[in-house]
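Hey, can you work out the whole structure from these sequences and the hints?
Protein chains in written order, with the numbering used here: chain L, 831 to 1082; chain E, 14 to 254.
It is possible that some hints are incorrect.
What the hints assert, rightly or not - Below, computed lysine to aspartate or glutamate pairings styled on EDC-like, alpha-carbon distance capped at 16 Å:
1. K974/L - E954/L
2. K905/L - E225/E
3. K221/E - E944/L
4. K897/L - D917/L
5. K852/L - D839/L
6. K897/L - D857/L
7. K893/L - E832/L
8. K901/L - D217/E
9. K891/L - E902/L
10. K221/E - E943/L
I should point out that these hints are in silico values taken from the structure, not numbers from a laboratory.
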Amino acid sequence: MEMAISITDLSYTYHDGTPALKGVSLDISRGESIGVIGPNGAGKTTLLLHLNGILMSENGKVKILGKETRKENLKGIRRDVGLVFQDPDDQLFMPTVFDDVAFGPINMGCAQEEVRERVAQALEWVGMEGCEQRSPQHLSIGEKRRIAIATILSMSPQILVIDEPTANLDPRAKWELTVLLRGLSMTRIVASHDLEMVAALCERTIVLDNGKIVADDATPIIMSNTVLLQRHGLAPASGIIEPRDRGPLLNR
Amino acid sequence: MKHHPEIDKYAGLSSPIHNWDPRAKLIAILSLIIAIVLIPDLEIALVGLAIALTLALISRIPFSFMLKHMMWVIMFIAPLFVIVSLTPSGGIEHASLIAVKALAAVILIFPMIGTMRFDTTVKALERLKIPSKLVQMIMFAYRYIFVFSGEFQRMFTSLTSRGFRKRTNIYTLSTTGKLIGMLFVRSLDRSERVFSAMVSRGYDGNLKTLVEFEMHTADVLKAAILIAIAVALDLICFTVV
Chain L
831 MEMAISITDL
841 SYTYHDGTPA
851 LKGVSLDISR
861 GESIGVIGPN
871 GAGKTTLLLH
881 LNGILMSENG
891 KVKILGKETR
901 KENLKGIRRD
911 VGLVFQDPDD
921 QLFMPTVFDD
931 VAFGPINMGC
941 AQEEVRERVA
951 QALEWVGMEG
961 CEQRSPQHLS
971 IGEKRRIAIA
981 TILSMSPQIL
991 VIDEPTANLD
1001 PRAKWELTVL
1011 LRGLSMTRIV
1021 ASHDLEMVAA
1031 LCERTIVLDN
1041 GKIVADDATP
1051 IIMSNTVLLQ
1061 RHGLAPASGI
1071 IEPRDRGPLL
1081 NR
Chain E
14 MKHHPEIDKY
24 AGLSSPIHNW
34 DPRAKLIAIL
44 SLIIAIVLIP
54 DLEIALVGLA
64 IALTLALISR
74 IPFSFMLKHM
84 MWVIMFIAPL
94 FVIVSLTPSG
104 GIEHASLIAV
114 KALAAVILIF
124 PMIGTMRFDT
134 TVKALERLKI
144 PSKLVQMIMF
154 AYRYIFVFSG
164 EFQRMFTSLT
174 SRGFRKRTNI
184 YTLSTTGKLI
194 GMLFVRSLDR
204 SERVFSAMVS
214 RGYDGNLKTL
224 VEFEMHTADV
234 LKAAILIAIA
244 VALDLICFTV
254 V
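If you want it as structure tokens, here you go:
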């Protein structure tokens, strides 16, 4: 079967010389739901940005549904891969919710009627019907995140890629969002360090640390491997934390 | 809630100016503003001011709201008025002429863009074939001014909570300068992320939106009346004087 995503030996170094990805190889089949976990700075976002060609590396290959991420394929790839950015204020740049959700479909060349249908459908999926004319600055963070997802769903992508969907959300908003994401049937890749959410959402989990994939297995197996999680800063180190004397400045 | 510079706060009201087609409204009132600025005669300028006030009255935007936003303009006009009236080539009449025209022009801003949501204004500009780059700049400025002012306020709160007080000294100035510098750095990072998000959804340099503006006879009529008044204001000056 054709892979949804196939990454071979991908390395990426930022302009300032910091290596972000070091030889990442990964295959994801269609319909899979994958969690990418790892500490801050592990390279999660950098990896995601390669999936729709925002970043393109000289070293390594990224194939989306059989097409390599090269300039001539980008238009199609960006239609197939929907990328939801971490900060909804980056994702929502238009003056109204309607304009934002309609942005993708209009660029895809849909006719007016179809654009309207897609917007209505996407807003219904995320439970935000009736918000079309609201401005992003008047939405709560939870609402912004739902709309951010709607802006991608309206393009009906085959692969949904989400960066830290639950950051800054309170538990209720977080679980509501998790339920929403569970209800979607396309291939999903979720980058996060929210292990609870990943456990509830993904069948398979990849641990990324320092630009390398250090584990790739079924989610329950990863989550029960405390030593692995501890080693990569995803679970508290064992032992009781003793209060330490920190000198006169903090002992007033 | 923080105070935002929401020029379109009263866009939800209903008045003959509110239900005017945005494109016709922009063109007509802009013509009137230009006509008033060109008036060389104080008495006619006062007529212009009266027309501006009438339009503002029709628009039902509360005068208190307009006054609050006009404070800054008045603070700019007042010293100018004093200086010009004291110069030999100026005099009180010349100074009054400048002040009256400036006030009239600023008052007209409210019926022009205060009577519709700002996104409608932007779309109307787009439909009027204003260059797309300019329209996008206006749109993004409006969208992100709230994000940036929020960021600035959070940084300032963080300073204040660590004992920073605004004073008239170099330290305050340099700290505020650094704060503004940080804001620039952050906005640069943000602009890169926003651009990535736009490109991810197929942005190709043009912003496309769906809007239906419908021009009715009434819209054209209102615009015709206003433009006629604008032309008349200037014609009177240049034929009679």
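Would the hint linking K905/L and E225/E be met if the CA-CA limit is 16 Å? Violated, at roughly 28 Å.
Within 16 Å, alpha carbon to alpha carbon, are K901/L and D217/E? Holds. K901/L to D217/E sits at ~14 Å (cutoff 16 Å).
Compare the distance between the alpha carbons of K891/L and E902/L with 16 Å, and conclude whether the hinted pair is satisfied. 15 Å, holds
Between K221/E and E944/L, is the straight-line Cα distance small enough, at 16 Å or below? The hint holds at about 15 Å.
Regarding the pair K852/L and D839/L, is the alpha-carbon distance no greater than 16 Å? Holds, at roughly 8 Å.
Starting from K974/L, check that the Cα of E954/L is at most 16 Å away, please. 14 Å, holds
Satisfaction of hint between D917/L and K897/L, Cα-Cα up to 16 Å: 28 Å, violated
Restraint status (C-alpha distance of K221/E to E943/L at most 16 Å): 15 Å, holds
Taken at face value, is the distance from the CA of E832/L to the CA of K893/L at most 16 Å? 10 Å, holds
Holds or violated: K897/L with D857/L, Cα cutoff 16 Å? OK: K897/L and D857/L at ~14 Å, within 16 Å.
Hint compliance for this structure: hints 2, 4 are not met, and every other hint is.
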